[in-house]
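Trainee: Spelled out from the first residue to the last, the chains are:
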Amino acid sequence: AQSVTQLGSHLSVSEGALVLLRCNYSSSVPPYLFWYVQYPNQGLQLLLKYTTGATLVKGINGFEAEFKKSETSFHLTKPSAHMSDAAEYFCAVSDGDFGNEKLTFGTGTRLTIIP
Amino acid sequence: DTEVTQTPKHLVMGMTNKKSLKCEQHMGHRAMYWYKQKAKKPPELMFVYSYEKLSINESVPSRFSPECPNSSLLNLHLHALQPEDSALYLCASSPGRESNEQFFGPGTRLTVL
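Residue numbers (this note's numbering), protein chains in the order written: chain D, 1 to 115; chain H, 116 to 228.
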């Protein structure tokens with residue numbers, strides 16, 4: 001079974017500082033990988049996804065992630081944190097055929113922004 | 116319309132009640148999903164409907180009964196729930212064979228007394 005591991009359940013960064021959220025995956029086949037963000041009392045919003053092709057993926061709100069097969073990693077970064085980035089971030093891996101896929105989420109990282 | 120809607124936003128029910136959660140999308144998506152999310156935990160998949168047929172049931176107790184009346188609508192019928200079933204219930208949809216991107220609704224916050 002495919003799985004993802006997120007290192008660090010909490011991360012605090014200063015406003016304007018680099019954000020780095022770590023995700024490592026375990027998969028026997030090329031994975032489909034996603035980063036979702038969840039604001040308090042809301043559903044999940046897709047930040048970006050990796051399917052095939054370019055290993056550097058750009059998403060919404062200035063976030064990007066790089067797929068590194070040799071390191072089995074898909075870390076999420078943002079050069080300069082903003083107060084509005086405070087939220088829970090989930091890395092996820094997809095398994096199964098399109099239209100019948102199972103998303104397995106990491107345990108999440110809560111990002112706090114320090115003014 | 117590019118969103119998934121869920122009703123109600125909040126639901127409080129007793130252990131003997133019968134209630135239903137509703138999810139709707141008008142994006143022409145052919146796959147719909149129910150997830151359960153406990154506080155401070157990631158979402159966990161419960162059911163998948165693919166082209167209006169139940170394709171995945173993640174060993175969910177029978178007190179949860181899903182229904183997909185048509186390709187735009189997904190229901191979750193609840194009966195004889197336990198307090199430990201209190202959680203945020205999230206619905207999602209995905210296009211089908213051309214993409215595996217899932218779009219999530221805002222969720223229904225369920226409290227079982």
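Honestly, the hints are just simulated from the structure, not real lab data. Accuracy of the hints is not assured; some may be wrong.
Restraint ranges, calculated between C-beta atoms of paired labels, are given here [what the hints assert, rightly or not]: (1) H:Ser214 to D:Leu18: 45 to 55 Å; (2) D:Thr72 to H:Glu173: 21 to 31 Å; (3) D:Gly62 to H:Thr131: 32 to 42 Å; (4) D:His82 to H:Ser187: 33 to 43 Å; (5) D:His82 to H:Lys156: 25 to 35 Å.
All residues carry an ideal CB built from backbone N, CA and C; glycine is no exception.
Trainee: Are the hints correct? Go through all of them and say.
Mentor: For each hint, the structure was consulted:
1. H:Ser214 to D:Leu18: 45 to 55 Å: violated (31 Å)
2. D:Thr72 to H:Glu173: 21 to 31 Å: holds (25 Å)
3. D:Gly62 to H:Thr131: 32 to 42 Å: violated (50 Å)
4. D:His82 to H:Ser187: 33 to 43 Å: holds (36 Å)
5. D:His82 to H:Lys156: 25 to 35 Å: Holds - the Cβ-Cβ distance for His82 of chain D and Lys156 of chain H, about 26 Å, lies within 25 to 35 Å.
Of the hints listed earlier, those the structure fails to meet are numbers 1, 3, in rising order.
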